[in-house]
Amino acid sequence: MLFLEALAFIVDPANLLGEKGILPRLVDHLLYTGLSLGVALLIGIPVGLIIGHTGKGKNLVIALTGSFRALPTFGLLLFIILFTGLGLWPLVFVLAVLAIPPIIAGAYSGLDSVNRETIDSARAIGMTEWQILGKVEIPLALPLILGGIRSATLQIIATATIAGYVGLTGLGRFLIEGLAYHDYTIAFAGAILVAALALAADGLLALVQKLVVPPGVSRGSARTTHRSRWNFRPAVSTGTHITGG
Amino acid sequence: MQWLWENRDLVFGLSLEHVRLSVIPIIGGFIACIPLGWLANRFRMTRAIQLTIFGILFTIPSLALFVTLPSVLGTKILNPINVVVALTIYAIAIMVRGAADAFASVPRDVIESANAVGFSSASRFWTVEFPLAGPVLLANLRVVSVTTVSLLSVGALVGNGALGYLFINGYQRDFPTEIMIGIVFTLVIAVVFDQILVLIGRILMPWARRPRRSPRALMVRGAA
Amino acid sequence: MIEFHGVSKRFADGTLAVDDFSLLIPSRKTTVLVGSSGCGKTTLLRMINRMVDPTSGYVDIDGDGIAAMPPVSLRRSIGYVMQNSGLLPHRKVIDNVATVPLLTGVPKKEAHARALELLDTVGLDRSLADRYPSQLSGGQQQRVGVARGLAVNPNILLMDEPFGAVDPIVRADLQHELIRLQRDLDKTVVFVTHDIDEAFLLGDQVVILQVGAHIEQQGAPSDILANPANEFVADFVGSARGKRRLMVDETADSRGDDLVLIDGAGYPAGVVDAPGGVLPGAGSSPKSRSISNKTDQAGDA
Amino acid sequence: MPQHMKRRIIAGIAALGLTASLAACASGDPLGGNGSADLGSLTIGSQGFAESDILAQLYGQALAAKGYKIDYAPSIGSRETFIPALQDGSIDLIPDYAGNLLYGADPKATATSTVDVMAALPAVLEPLGLVVSDAAQAEDSDALVVTKEFAAANKLESIGDLKPIAKDITIGANTEFEGRSYGRSGLEKIYGVTGWKFKAIDDYGGPGTLSDLLKGNIQVADIYTTTPSIKQNDLVVLKDPLNMIAAQNVVPLFNKDSYSVAIANVVNQVSNRLTTAELMDLNEISAGDSKPSPEKVAKDWLTKMGLL
Numbered sequence: 001m002l003f004l005e006a007l008a009f010i011v012d013p014a015n016l017l018g019e020k021g022i023l024p025r026l027v028d029h030l031l032y033t034g035l036s037l038g039v040a041l042l043i044g045i046p047v048g049l050i051i052g053h054t055g056k057g058k059n060l061v062i063a064l065t066g067s068f069r070a071l072p073t074f075g076l077l078l079f080i081i082l083f084t085g086l087g088l089w090p091l092v093f094v095l096a097v098l099a100i101p102p103i104i105a106g107a108y109s110g111l112d113s114v115n116r117e118t119i120d121s122a123r124a125i126g127m128t129e130w131q132i133l134g135k136v137e138i139p140l141a142l143p144l145i146l147g148g149i150r151s152a153t154l155q156i157i158a159t160a161t162i163a164g165y166v167g168l169t170g171l172g173r174f175l176i177e178g179l180a181y182h183d184y185t186i187a188f189a190g191a192i193l194v195a196a197l198a199l200a201a202d203g204l205l206a207l208v209q210k211l212v213v214p215p216g217v218s219r220g221s222a223r224t225t226h227r228s229r230w231n232f233r234p235a236v237s238t239g240t241h242i243t244g245g
Numbered sequence: 001m002q003w004l005w006e007n008r009d010l011v012f013g014l015s016l017e018h019v020r021l022s023v024i025p026i027i028g029g030f031i032a033c034i035p036l037g038w039l040a041n042r043f044r045m046t047r048a049i050q051l052t053i054f055g056i057l058f059t060i061p062s063l064a065l066f067v068t069l070p071s072v073l074g075t076k077i078l079n080p081i082n083v084v085v086a087l088t089i090y091a092i093a094i095m096v097r098g099a100a101d102a103f104a105s106v107p108r109d110v111i112e113s114a115n116a117v118g119f120s121s122a123s124r125f126w127t128v129e130f131p132l133a134g135p136v137l138l139a140n141l142r143v144v145s146v147t148t149v150s151l152l153s154v155g156a157l158v159g160n161g162a163l164g165y166l167f168i169n170g171y172q173r174d175f176p177t178e179i180m181i182g183i184v185f186t187l188v189i190a191v192v193f194d195q196i197l198v199l200i201g202r203i204l205m206p207w208a209r210r211p212r213r214s215p216r217a218l219m220v221r222g223a224a
Numbered sequence: 001m002i003e004f005h006g007v008s009k010r011f012a013d014g015t016l017a018v019d020d021f022s023l024l025i026p027s028r029k030t031t032v033l034v035g036s037s038g039c040g041k042t043t044l045l046r047m048i049n050r051m052v053d054p055t056s057g058y059v060d061i062d063g064d065g066i067a068a069m070p071p072v073s074l075r076r077s078i079g080y081v082m083q084n085s086g087l088l089p090h091r092k093v094i095d096n097v098a099t100v101p102l103l104t105g106v107p108k109k110e111a112h113a114r115a116l117e118l119l120d121t122v123g124l125d126r127s128l129a130d131r132y133p134s135q136l137s138g139g140q141q142q143r144v145g146v147a148r149g150l151a152v153n154p155n156i157l158l159m160d161e162p163f164g165a166v167d168p169i170v171r172a173d174l175q176h177e178l179i180r181l182q183r184d185l186d187k188t189v190v191f192v193t194h195d196i197d198e199a200f201l202l203g204d205q206v207v208i209l210q211v212g213a214h215i216e217q218q219g220a221p222s223d224i225l226a227n228p229a230n231e232f233v234a235d236f237v238g239s240a241r242g243k244r245r246l247m248v249d250e251t252a253d254s255r256g257d258d259l260v261l262i263d264g265a266g267y268p269a270g271v272v273d274a275p276g277g278v279l280p281g282a283g284s285s286p287k288s289r290s291i292s293n294k295t296d297q298a299g300d301a
Numbered sequence: 001m002p003q004h005m006k007r008r009i010i011a012g013i014a015a016l017g018l019t020a021s022l023a024a025c026a027s028g029d030p031l032g033g034n035g036s037a038d039l040g041s042l043t044i045g046s047q048g049f050a051e052s053d054i055l056a057q058l059y060g061q062a063l064a065a066k067g068y069k070i071d072y073a074p075s076i077g078s079r080e081t082f083i084p085a086l087q088d089g090s091i092d093l094i095p096d097y098a099g100n101l102l103y104g105a106d107p108k109a110t111a112t113s114t115v116d117v118m119a120a121l122p123a124v125l126e127p128l129g130l131v132v133s134d135a136a137q138a139e140d141s142d143a144l145v146v147t148k149e150f151a152a153a154n155k156l157e158s159i160g161d162l163k164p165i166a167k168d169i170t171i172g173a174n175t176e177f178e179g180r181s182y183g184r185s186g187l188e189k190i191y192g193v194t195g196w197k198f199k200a201i202d203d204y205g206g207p208g209t210l211s212d213l214l215k216g217n218i219q220v221a222d223i224y225t226t227t228p229s230i231k232q233n234d235l236v237v238l239k240d241p242l243n244m245i246a247a248q249n250v251v252p253l254f255n256k257d258s259y260s261v262a263i264a265n266v267v268n269q270v271s272n273r274l275t276t277a278e279l280m281d282l283n284e285i286s287a288g289d290s291k292p293s294p295e296k297v298a299k300d301w302l303t304k305m306g307l308l
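Chains as they are written, first to last, in the working numbering: chain D, 1 to 245; chain V, 1 to 224; chain Z, 1 to 301; chain B, 1 to 308.
I should point out that these hints are in silico values taken from the structure, not numbers from a laboratory. Since this is a predicted model, take the numbers as computed values, not measurements.
Taking lysine-lysine pairs in the DSBU-like style, the calculated list, with each CA pair at most 30 Å apart, reads:
hint, chain 1, residue 1, chain 2, residue 2
1, D, Lys135, D, Lys210
2, D, Lys20, B, Lys163
3, Z, Lys108, D, Lys210
4, B, Lys167, B, Lys199
5, B, Lys155, B, Lys189
6, Z, Lys92, Z, Lys108
7, Z, Lys109, D, Lys210
8, V, Lys76, B, Lys108
9, D, Lys210, D, Lys58
10, B, Lys148, B, Lys215
11, D, Lys135, Z, Lys92
12, B, Lys256, B, Lys69
13, B, Lys231, B, Lys163
14, B, Lys148, B, Lys239
15, B, Lys167, D, Lys20
16, D, Lys210, Z, Lys92
17, B, Lys189, D, Lys20
18, D, Lys135, Z, Lys109
19, D, Lys135, Z, Lys108
20, B, Lys215, B, Lys199
21, D, Lys20, B, Lys197
22, V, Lys76, B, Lys256
23, D, Lys20, B, Lys215
24, D, Lys20, B, Lys199
25, D, Lys20, B, Lys108
26, B, Lys69, V, Lys76
27, B, Lys163, B, Lys189
Given these sequences and hints, build the entire structure.
And the structure:
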């Protein structure tokens, strides 16, 4: 059976190391994921926090991120490569573009979900805007912020497989090799590895989410956590209007 | 522009194919999610199982599904059904949680009052629960629609990418314009689909014309 | 002493919330701003700690214009209690109470010790210190809110409908607790409510407001009750409907020095000690003498 | 059940017709120009690069002109994928290259010249259920290519000259290159070029490969001999004196069930006119400024050749 053959391929020590081994490709995959996520966080978190805190520029950013979501990553990558040549940064760029919308949506909707009265009272007792952001809004929004990051991470991990098509490596190479040699076992093994990596990353982030959420709000967060992974709604719903215009 | 005009037949044909290949997963995913979402909302157990299964399916890269599905389904390699099935799986994976949420968003008291006035459980579902879950279902469907249209192009790597063909072809001929046209037409299709869904929502759910209105407001109108 | 000098506020959407408002709020007294929702009372309250800046006019505290004071430090020097307590849900009770002292750099140990004392002050058991707000009842949350308002030992305490969201029994409890606190602490309290009973119960000075924060009447509760300035006030305080007006029941048999009082609907409301069947300090006719709840309460306070 | 029936049923059930829309474009061509009756339909595949698309269109339009109903399945991918696609009836015909076809089907083959390769093919293809019609004169083979500067610096003329510097070079090519007879095994066994690194760049010697070669990220690239970029960038094609890379004449490859002499006759007319120079021309037109579609490139050429 294909699944078992693929598992056998994965556990075979001969396939672990070496130039085309699982381990180096896994490390590369993690590198692409980490870099892209880092870039996406650097842009997405501040933007999401700013619009969430001030409520300004909300429609514009939501519209932009919504249209980002409809961008075919694969086409965008090939387009950029025609100008830059092969390399790591085009990949990191398009994966970050992919990851920014859910991160912004998570940060924005996280802040948006914080009770206005809580913020108002924090301001009324004399917190500065930064203190409100740092001590009230972010801690309370953390479940949704992390939800956005989780969603972004999953998408990056799954999509980073296209690295294998453009001269890089990563776990996507197993898919491309499986495709090139028409070898379902290798392709299947690649699929399993990527899915396993995604699930592991998701589990890890879920754990982090649990740990960082203060007990005082954990009850509410259980629900918001679930929702957040799919919390693309506002981004999409208004997003496409701009691309239409 | 010149190129687009000279190749309008090709681009138009690929766009048509793009529409065809992505419509089926969108509709199929939606239809599949109605019973799944209802079940998930009704029985906690099935919810957990469904969410786990589709959570895992969602983590499988689209390319991997495109490549391996023929061996699982026993279909021909170039059969577009492989891509369609793969995208349908993603559509369900994205929608199933949203659908459960949608049915969960129907207020309990509305269901109970429907029971009280004597709806059978089937007619209650179609006349009360389904319409009231509509706005949330629609919101999820719009995500599915955008995602499907954009994901389909990866199918070009297995010979079934519709507009994705322009990406590969443009790339190999060192011709960014062709790729850009592929991207733009993909976006256009995504927008058109989205607007169609919005329109359908407006026609079918006039009470929800203001998006994200409170469930209570829906309840009052919907129950009336 | 807080003074409003010809203050107006027009919000960005064009509504004129406060229109040329002037008022002197005396120190160490409780001033209640009362009016129906949308009358601008909360806007007035929030001008005192610069949560809202007036469009024109100015506010002084003890003769100093607050427009020149940095909002953050001004707010830290003024206690603020709001409806639904406004506690930080992710912080324990003790940290909520100690929020402002911690912000201003008071060492944690000291701030916590002070917070525990404040829990005593507002009548909360110290064992609640390690709970989260969501684990407390509504009434307990409001007490924590009051404790937080008192944490920096401010001269001024602003209270924005603090008891609006709790049930009537708990509300009565909290109201009496506040009266007791105020007797001990002697703060300048500015209290906003839409409940005229609450206003009369708590206020040394009551200011009745209409839309645009127009003052319909201001004064001691007994004065307002005795002499409503106009029909609106009379209607608002309920005296016109006889609701709050008690009269001597002349049909009842006189029982020595007691007179039986009836309310506007004719139901017996209690007895009053009236040596010789004449109310103390009564004018010409005992029947026209209104007896406010306030005087009643003040008696046992 | 006959192949075409099965195909039709599946297409009907799925109601998806990948190619129907493309066929609609193709129908703008002089389909049934001589008004002959429906001779049946054929699906023509192409590999994942522009030249293959053009070749598919050449054969397809020629057949359409004779009254066949033609569907196209472009960009299928490598031989490992399109052979099964031929076998399962997804496609009926695909343009391929003789040498690679032979070595792909039979890794132990020894033929290198066009004649020998073509002679060896039928026996190898028979068990696979495949047949070929006449090979074209046109050759487009894999070629190991270096920059002029790199060739000069390392005195490179033929593939064997890579041997002394093998450990310092990276060869860039499609994924499947490594597993091919002219890939790792051929380089090692035939030329003794061992220890080189491989970088998979799946664009069939396209812009990614080229830019990596020019930037020096790879030192040797697998670029097809008819690719215009070789001339444009003054690249040096390393000679292959030991015939590691077999003769790569363009050859139409059929599913045996789809093959008929009538069809082969039409296809052979195209093959007979197709020389290497013509093929390079076609590629240059395709890569030229106006980037015409494969369909148009093919149509113009067929018209020029009087085959429509």
